[in-house]
Each structure stands twice: as C-alpha cells, then as structure tokens.
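Participant: Assemble the whole structure, with the sequences as input and the hints as a guide.
Chains A and B, in that order, give the protein sequences.
Here the first sequence is numbered in our numbering, starting from 177 and rising by one per residue.
Here the second sequence is numbered in our numbering, starting from 221 and rising by one per residue.
No wet-lab data here; the hints were simulated from the structure.
Hints may contain errors.
So the derived label-pair ranges between C-beta atoms look like this [said to hold, decoys possible]:
#	chain 1	residue 1	chain 2	residue 2	range
1	B	ILE228	A	HIS342	36 to 42 Å
2	B	SER430	A	LEU283	52 to 58 Å
3	B	PRO506	A	ALA322	51 to 57 Å
4	A	GLY350	B	PRO526	52 to 58 Å
Don't be surprised by glycine CBs; every beta carbon is placed ideally from N, CA and C.
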Amino acid sequence: MTDFLIAVLVAGTPLVYVAMAGMLAQRTGVWNLGLEGLMVIGACASVVGTKMTDSVALGVLLAAAMCVVASIFLWVAVEVLKANPIIAGLGLTGLGLGGTRLAVQTLYGSEAAVQVERGLPHLDPALGPFSALSIFAIFMPILVAALWVATRRTRFGLRLAAVGEHPFAARSVGASPARYRLVALVLGGILCALGGAELALGSLRFFSANMTAGRGYMAFSAVIFGAANPIGVAAAALFFSAVEVTGVKAQLTLAGAIPQNLILALPYIATVFGLWLSGRTGRRTRVSLAELRDY
Amino acid sequence: MKGSVQAILKPLTYIALAISLTAISFQLIGYSSPLLAKSILEGAVGSPDAITNSVRWALPLLVTSLGVVVAFRSGFFNVGAQGQFYAGAIAVAFVVYPLEGLPPAIMTPAAVCAGIAGGALWALCPAILRLTYGTDEVITTLMGNFIAALALIEVTTGVLKDPAGTGQSSSTRPIDAVYRWSDATGVSTTLILVATVCVVVVWILLNRTSFGVLAGLAGRNPTMLVWQGATEWRLGCAAFLVSGGMAGLAGAMEVLGPNGQLISDFLPTDGFTAILIALVGGLSVPGSLIASLFFGGLAAATLYLPIMAGLPSSAVDVINAVIAILITARAWPKGFERLLMFMSPAHD
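Facilitator: Here it is in structure tokens:
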C-alpha cells in the first residue's frame, strides 16, 4: 500500500504542479492548453541546463526562465493580439514539442534521449521507500495549501477570480484583467517549469522528445474536473496518476492478459471519464468560436 | 470590399509575422535563415518533383481540414482530427485485408465507407458526451488522439502485424496494388478526384443547404439556433459526424494511397496542421484549399531540410506552431489598421 501511494506521488507530482499552473490561468478566464508545451519546455530546459552547468538548481532556473518567456508570448497573443486562447494554447504546445526537438538536435546532433548525471535532491535513503520522493514531491502539499490560501483567502486571489468571472467588475475596482492574467500566466510558467523538471529530473534523469505524452492535457482536465479549486484540482491530478500506476501494476501481474496499449490508454480514458463526471455536475465554461470567422 | 481585403491580408500578415519571428530565432541559435527559406522554397516548388510532393502532402491535409471547417463553423472545437484520421485508417485496414480477392470495383466504395465510418464513429463519442452531458469537446477529442494513436500501435503490432516484418517493425503487410489509389508518389487521378469531390460536397453543404445556414448560426449564436426550430443535438451530431468522416476519409487516402499499408505513427501532425489550415483559410472552403497547398508545400519541404540544408525537420513544426499561436489574432497592432485603410480601395 505504501509502495502504491509513493508510486502515485512520484507519478502525480509533475501533474499537480502543472495542474496548479492551469488552475491559476483558468481562474483568470484563460483556458491554458499550452500546459503540455510549457511542461515539455520545462523538462527539456532543466535537463539541458543541468548538463551544461552541472548544477540542478541552475537547470531548474533555466527551465523557469524559458517557461516564463513562453508564457509571456502566449499572453501577448491572447491579451494584446486577442487571439483565441484555445488555438494559441495548442500552438504553444506545438511550439514546445517542436522547439525542444529542434533544441536537442541542435545541441547534441541527434534526437536521442539526453541523459544527465544529477537529479533533484531526494529524501534520505534511510527512509526506505520514501526516499523515492524528491523535494518537489515533499513540497507539493505545501504548494497546494499555499495556493488554496492565496486564491481563496486573499485579496489577490479574489481579484484573480473576479478577472475571470466578471472582468468589468474587476476593472471597476482597479484590477486590470490584462495584468492579472499576465501574473497568472507567469506564475503558471514557473509552476510548469517545476513540473517539467520533476518529470525529467525527479527520478528518470533524462529528457526525450514528447516525453510528456499528454500529461499537460491531463493536468488541464484535472483543472476542469477539480473546478479550478486548488485542492480539488490536486486531488483530480493524483486520481489520474493513481489510474496510471494501477495500470502499470496490473501490467506486471496480469502480463499478457490485457493488451499493453489498453493499459497505456487508461489515464487518457480516465481523463475523459473525469471530465464527463465534472460536466454532469454542471460546472462548465462555454467558449465561443464565432470570433474566428469575424474577418 | 474592405472586408474581403482584410480577410486576405490579415492571415497573410500574421503568417509573415510568424515566419519572421521564427527566422530571427533560427538565426539567433545559429542556423542560416536565408538557407532555410531557400531550401523550403526548393523543397516545395523548386522542381516538378517538389510540386508533386507538395500536392501529395496537401491532399490528406485538405480533406482533413474540410472536416475541421465544418466542426468549427458549427461552433464545435473538434481538435481530434488526428485521432479520427487514424480511426479511419484502421477501419480501412480491417475492411481491405479480410476482403482481399474481391474486385476493386467493390473494394473501393467499401474502403471509402469504412474510412468515413471509422472517423465518424470516433468523432461520435465526444459528440455524444458533449451534446448529451455537456462534457467539453476540446479535451475529449484531444484524449481521443492519444487513444487512437495507441490503438494504431496495437493493431499494427498485433492482429494485423506484417508477419514478414522484423520484430521491431510495426506496420501491416503491403496492400495489393490493384486496390491502391495511387503509388508511393501519392498523386493520382483517384486521389485528386476524391479530394475534389470532398471540396465540392463540403462547399455545397456549407453554402447551399439548410445545414450550412444552421451550422453558421450555431457557431455564432446557439440561442438563435433553437429559436429557428433546430435542435443543437441533431445539428451537433451531424457536424461531428461529417467532421470525423472527412478526417477518416483522409486516413483511407493515406492507407490506400502513398502508404499502401497501415504504419503506426504515420503523419503524426496531420490533425494539427489541418486545424491550422482551416483557420488560415478563414473557415472557408476556398480558403482551406489555398492554405492546404501552402502547408502541403511546407510539409514536402520538411523532408528536404535535413538533406539539403542540414536543418532538423522540426524547424517546420516550429514555424507551424508559431503561425498557430498568432493566426486567430483579432486585434491589429496599432498602425496596421491605418495602413489597411490606406491600402483598401473602398476607404472613405
């Protein structure tokens, strides 16, 4: 049981960090489908940075810087140029997936996985199975609690929500929706960088192209499933990881009985199921496509 | 008049902006942008072979993007074209292999139906979730892409695996040449005919039928749709089915056309590029036709880049992605508006 919980935490930590980023954007009314791209940029930059400087801290810092730049680009497209957030977000994902492949090819001459010696610090090996947890995994509950307080109990959090739900009301009390969205996206960029770094440096210690494999979209579904409440979102993200871990365990015990690809598809199916459940409870944001044909 | 000038100038401006941005970035990280531009041009239109190649990549993209146009116009964010494309391809394989031996005159319509049905059924799942339970279609269709990609791997490494292939290969055995719609060049009368029929049918559907009128209404104002006496459920289902069917047909075109077999992970960016084409084309049929030639050219150039200029093929993915980020922009940077007023013939 402990092993299972720890496996869920290891698989779920990157997802929770990225889902928190999506939650912040969602609260300001931006559907951030660029999470997948930001996460892969974070994973790639953290590995490349660590390899170059031989310091994990600098690697994570580089990842944060790259993700913040990418997030600002998204903000300019959505807020300044009024692009459709869903399409721009998907574009950012494409940019992350293509850009990291290009970067790896440019730096190392091939698209093969990039290995690093160092990874994120872990708990003391004396703690047995708990030593599988990195400091990011330990810090995760604190982060979720802090974001819950920040979004639900502070003026900043209320204004963040006001910007998403009623921009005119927000503006009338002096909160600029554009600025709040920028803050939410930049903070989200940092969180995605941390999530990507945890994915690449937490236990694997390598980066390979497309290694996020849809986790960014899963994190986004967790945002919807958890109704953009930090605790609900984190729970949803951990639920998706639990499904993934269950699949892996089932694969070991029932080898051959279930097609491997079906097991690999379980998290995606769980995501659809989760969304279906949240749709049934009546929380839904409608997005309009009409503006795409205005010109 | 100003409207139509804008309709053409605006996407062109943002494509130019996206290309300049990526060109500057490539230059900064040490690639030669002029060389990149030159090799893209050569790879896309530089020779008769290059043009054939551009058309080869444009055909599946065009058919997929027509489906995207139908869904987006009706107000449904069907971003699952990739999954529907794969579903169509898988369905074709399951029809063609068991029925081998039948005359091509029977096989071809059967394959067309299988492709359309495969894609349409794959689109039906998110459609029902959306229309009955209100589950947002963006994520469900995206997840469908991942699930379909895994299903494709399962089929090509499992039931339909080429028995002659080595342990690592994941494809089905080659389809008998009599059933093929084209050889490996991917350009043939059959394929062009299929694409042309799709263009005409979708144009008529959107511009000359009540479905088209209601779809446009649903996309702009769902409340009005109900007032017009139409039901969102039926219209939405139809939009999803047509959209998925088109993507599935494109999958059939690939399997029976240039590929000649089902290969796992073929054309992994077809769906994304098709969305881009639909948007660049302003969600219109003629627009998509032109845009698909442009992106088909880029796709053809992708294969030339590593050989001709030593550039990674992901460079084109990056260009496409930056275009995607900017293409839906509605606001003009200050100054553009004035420039446009000046340039359009009917300003007053």
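Participant: Decide, hint by hint, whether the structure agrees.
Facilitator: Hint check:
Separated by about 37 Å at the C-beta atoms, ILE228 of chain B and HIS342 of chain A satisfy the suggested range of 36 to 42 Å. At roughly 56 Å, the beta-carbon separation of SER430 of chain B and LEU283 of chain A lies within the given 52 to 58 Å, and the hint holds. For the pair PRO506 of chain B and ALA322 of chain A, the beta carbons lie near 53 Å from each other, so the given range of 51 to 57 Å is met. For GLY350 of chain A paired with PRO526 of chain B, a C-beta distance near 54 Å keeps the hint of 52 to 58 Å intact.
Violated hints: none; the structure is consistent with every hint.
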